[in-house]
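Undergrad: Residue 71 in our numbering sits at position 41 of the sequence shown, with consecutive numbering throughout.
Simulated from the structure, these hints should not be mistaken for laboratory data.
Quick reminder that beta carbons are idealized off the backbone N, C-alpha and C, glycines included.
Do not take every clue at face value.
[As the list claims (entries may be wrong)] Between beta-carbon pairs, the in silico distance windows are: (1) P129 x R336: 21 to 27 Å; (2) D333 x R53: 57 to 63 Å; (3) Q184 x R110: 55 to 61 Å; (4) D96 x S315: 53 to 59 Å; (5) F233 x F109: 41 to 47 Å.
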Amino acid sequence: MSGRRRARLPIRREPVGSDFVYRDGSRRITSKREIARIEALAIPPAWSDVEIARSPGAKVLARGIDAAGRTQAIYHPAFRRRQDRRKFDRVRRFGRALPRLRARVDRDLRRRRLSEDRIAACVIRLIDLQLFRVGSAEYAERHRSYGVTTLTEQHLSATSAAVEFDFIGKSGKRQRRRVRDPRIARIVAQLLELPGPEVFRFFDEDGIIHELHSRHVNAYVKRHLGAEYTAKDFRTWGGTVTVAAALFDADPADLGSARGRAAVLRSALDAAAERLGNTRTVARSSYVDPRVLAAVEHPEVLDRVRGLRTRSRRYLERSEQRTLRLLQELERAGASG
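Work the whole structure out from these sequences, hints included.
TA: Put into structure tokens, the structure is as follows:
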């Protein structure tokens with residue numbers, strides 16, 4: 031770890047037998063109160079090279095290397111809340127801007143060459159439809175789990191009208207999906223004819239073939255949607271829309287009691303987790319706008335939005351239009367989650 035980081039996180043954790051001691055520089059920390067503060071951070075025992083902040087109010091409270099060799103951090107709860115608010119504040123803006131990106135994807139899918147834009151558009155279409163992770167070559171190599179850009183020919187097959195996916199995603203969850211889209215199927219069939227196991231590749235202007243990586247996909251999103259967005263925003267949007275749709279479909283009578291509301295919310299989160307390939311807990315904490323989670327406590331808002339008429343739009347489904355309206359109404363009602 032760098033000297034600059036060490037200055038901000040001066041306390042070191044050192045293993046001694048089956049326990050740990052903590053040192054601030056060369057001084058061993060013996061204060062029971064200070065040791066209790068550090069241990070309350072619940073730093074995983076498997077982390078190595080652990081560095082800890084001296085101040086309990088620091089943005090980063092601890093940092094270390096996990097068993098997989100990745101740098102991990104424990105952040106102050108107030109900082110996490112601010113970050114989450116910023117992330118979910120983007121949800122409504124993303125939903126409003128999404129038709130523009132979908133229209134662009136539609137145009138690029140009509141291109142004839144297997145160009146970078148056409149293949150990036152193909153991948154974004156798949157992420158939009160199935161909420162796939164974009165994928166990382168390093169993560170795939172290390173963990174043998176995949177996102178859409180790291181899939182190989184063994185993970186999918188194409189007919190004239192559909193693509194079948196069968197692969198292991200993050201956290202070892204098996205992803206078995208079918209996408210019925212003739213344009214996507216034709217592109218994937220062409221890609222599968224290319225030599226080599228990698229699927230999503232493109233030709234540059236000189237006819238040289240390249241693998242499509244997450245950076246290409248995110249560059250496309252930023253170019254056509256805005257610099258603040260990445261492919262991951264599709265998952266946050268999709269998780270939020272899935273939960274909102276389940277709340278709209280719930281029997282209003284079930285929202286009349288605390289037990290009924292809890293059951294409806296569990297069912298909604300299970301639906302989102304299934305689409306995301308996550309657990310219910312991860313879906314709730316990372317991929318669903320907390321304002322929509324709070325909607326279960328505001329059945330009158332759900333009723334009001336449910337009763338509104340939505341018109342058919344080519345690039346924004348009715349469930350998405352309702353979700354945008356729900357977020358607007360919840361904001362007016364002061365529901366923050």
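Undergrad: When you take the CB atoms of Q184 and R110, is the distance between them in 55 to 61 Å?
TA: violated (38 Å)
Undergrad: Note whether the CB distance of F233 and F109 lies within 41 to 47 Å or breaks it.
TA: Hint holds: Cβ distance 44 Å, inside 41 to 47 Å.
Undergrad: Has the hinted range 57 to 63 Å been met by the Cβ atoms of D333 and R53?
TA: Roughly 59 Å apart at Cβ, these two residues keep to the hinted range, so it holds.
Undergrad: Is it true that P129 and R336 lie within 21 to 27 Å of each other by Cβ?
TA: Check passed, 22 Å falls within 21 to 27 Å.
Undergrad: CB of D96 to CB of S315, is that within 53 to 59 Å?
TA: violated (19 Å)
Of the hints listed earlier, those the structure fails to meet are numbers 3, 4, in rising order.
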